[in-house]
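Chemist: Residues per chain, in single letters:
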Amino acid sequence: MLGELSQPIARRLLALVPVLFGISLLVFVLNAVALGDPARAMLGQRGDPEVIAQIRQEYALDRPLWSQYVTWMGRILRGNLGRSYHQQRPVGEVIAERFPATLRLAVAATLLAVAFGLAMGIAAALTPGSALDHLLMGAAVAGISTPVFWLGLMLSLFFAVWLGWLPVSGYGDGAMANLVLPALTLGALHTGTIARMTRSSLLEVIRQDYVQAARAKGLSEVAVVGKHALKNALIPVVTVIGIGLADLLVGAPLTETVFAWPGLGRMLVAAVGQRDLPVVMGAVLVFAVIYVLGSLLVDLAYLVIDPRVRRE
Amino acid sequence: MSERGPFRHHGVQVGGALVALFVVAALLAPWLAPFDPHDVPTGLAAASLRPPGPPNALGTDALGRDLLSRVLYGGRVSLMVGVGVELVTALLGALIGLVAGYYGGWPDGLLMRVTDVVMAFPSLILAIGLIAVFEKPGLDKVFLVLALLGWTTIARVVRGEVLSLKRREYVQAARALGVPNLTILFRHLLPNCLAPLLVAATIGVGGNMVAEAGLSFLGLGAQAPTISWGAMLAEGQTFLASAPWVAVFPGLALMLAVLGINLLGDGLRDLLDPRFKN
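Protein chains in written order, with this note's numbering: chain U, 1 to 312; chain G, 1001 to 1278.
Rather than coming from a laboratory, the hints here were simulated on the basis of the structure.
Where a beta carbon is used, it is the ideal one built from N, C-alpha and C, also for glycine.
Be aware that one or more of the hints could be misleading.
Stated by the list, open to error - Here are the simulated distance ranges between beta carbons:
| # | chain 1 | residue 1 | chain 2 | residue 2 | range |
| --- | --- | --- | --- | --- | --- |
| 1 | G | R1168 | U | R78 | 36 to 44 Å |
| 2 | U | Q274 | G | G1160 | 23 to 31 Å |
| 3 | U | R78 | G | V1083 | 31 to 39 Å |
| 4 | G | G1138 | U | T239 | 34 to 42 Å |
| 5 | U | V17 | G | R1168 | 33 to 41 Å |
| 6 | U | P64 | G | L1182 | 34 to 42 Å |
| 7 | U | I305 | G | R1168 | 30 to 38 Å |
| 8 | G | P1030 | U | F99 | 43 to 51 Å |
| 9 | U | I9 | G | V1088 | 37 to 45 Å |
| 10 | G | R1113 | U | V107 | 28 to 36 Å |
| 11 | G | Q1223 | U | S6 | 49 to 57 Å |
| 12 | G | G1138 | U | W165 | 35 to 43 Å |
| 13 | G | L1163 | U | L5 | 26 to 34 Å |
Using the sequences provided together with the hints, build the complete structure.
Modeler: This is the structure:
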């Protein structure tokens, strides 16, 4: 199977090159526009002219823009994202410190969204037109339409302030209880889209001949849906899960701000407030690369699940 | 669907009603608001964080300002950014999509690679990054950044439509007759792309409103004294335990407005695009 897959995988990897190049170019241009003179930005208005000259040489600022880009790209590829103005240490270090919290939140949000979304979608598809169907799909639309930060505030108000079941905010040294509300909040939109896609996809598959044949053979409804229908119905759901990755990343700064979660998103927002541009650029770059690689993984998962895609 | 008429569609009914309510409330805010939304009353201690009840139907905020009046005025900012940004992005996206789809070749290749790159970023993250470029955040920067990033969806939609339209006989005939390209683009192709464009733009308005509120919530958008639902929510978070109404009402208004826009957009798609009919 690997031999059969190597060509489409190579094609997708190749398609990434212009996208990654474009992302790096965009961040570089932003950097240049925002900083004006990075040497001065680093040292402030009263910087020692001699030190400024030294930095200019080190960062190739006295050479043309394309040459500066090559130098900058070379540093990035070696993992050097520059130094934070505010914290006076490497940006890579700052990001590495914040990354695990965001990853943990994103994984928890995805798991919750997939579990709830599938359950809601299947339940709705098995009883189309019923009150349960309307209730579940209404909840899905509400999940999609509710702005993530307001949902976070309302969940916090209900479960933490009024019921007192869960902590209002904070990382709580990694306690599970602290993870629940942020993960529910971040995953809500995703839950809604997965539920809707599962329902419509399953309804479509259930109508097909091979499912009718399985029924005619006298298989139980559980076997028909569980073993035959669901397998094919899940193919488009995988795509939705992949697209949802973008929503998770977009939701991260907002969710993390609502719940005082010490992740990349909150770091990005704080860095914008402090105009700590190396951290801002580093975070934007990292978010973009995660996003692009995430979409690639989904593409690859698709290749494995659905043989039809391999022959495109 | 047509035999039932557009106004029998449930999504269009509910969505349209919510959108109408939102637009009317925002436009008529100066006449509907019971108080001046900026007015900090004297005798602050008594007026601060008053729960909903006469004379403040939705209560007051920490500075004793009437929440109902502020929610009404906040709708104006939301409506202005939502629709204003969408007008710019729809125009930009339509132009890019028309050119890419009609001319094909290298202009198409180039424009679609640029689209890919912009779409490769999670948009709010890039918006936050762009805001950092400016010395000071503000609503004008939010407007600019959202307009700069928002055109990709419409460009894709219009390009796809043009790709299929340009093979139709009427376009081939126009070309054979020597009709100038610009006339074909704007007289023959653009009007036939309007239905999907309208659907995408409607949903885009909701997206812009959420983005503006999100950026303002993070402190990167509207600054005081501009009234934005997002900024009001940030304030509300501080008093979540003692005065939850400050956080509840601006968010509820935002959610209902966006829900209405999404329902309307989905409904329009059902009505205008036969492929989405069940």
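Chemist: Hint by hint, say whether it matches the structure.
Modeler: Here is how each hint holds up against the structure:
1. G/R1168 - U/R78: 36 to 44 Å: 53 Å, violated
2. U/Q274 - G/G1160: 23 to 31 Å: Violated: the Cβ-Cβ distance is about 42 Å, outside 23 to 31 Å.
3. U/R78 - G/V1083: 31 to 39 Å: Given range 31 to 39 Å: violated, Cβ gap about 46 Å.
4. G/G1138 - U/T239: 34 to 42 Å: Once the Cβ atoms are compared, 38 Å apart, the range 34 to 42 Å for U/T239 and G/G1138 holds.
5. U/V17 - G/R1168: 33 to 41 Å: Holds: the Cβ-Cβ distance is about 36 Å, inside 33 to 41 Å.
6. U/P64 - G/L1182: 34 to 42 Å: 38 Å, holds
7. U/I305 - G/R1168: 30 to 38 Å: 37 Å, holds
8. G/P1030 - U/F99: 43 to 51 Å: For U/F99 against G/P1030, whose Cβ atoms are near 48 Å apart, the range 43 to 51 Å holds.
9. U/I9 - G/V1088: 37 to 45 Å: With Cβ atoms ~39 Å apart, the hint holds.
10. G/R1113 - U/V107: 28 to 36 Å: Given about 32 Å between the Cβ atoms, the range holds.
11. G/Q1223 - U/S6: 49 to 57 Å: 54 Å, holds
12. G/G1138 - U/W165: 35 to 43 Å: 40 Å, holds
13. G/L1163 - U/L5: 26 to 34 Å: Given a distance of about 30 Å, which is inside 26 to 34 Å, the answer is holds.
When each numbered hint is compared with the structure, violations occur for hints 1, 2, 3.
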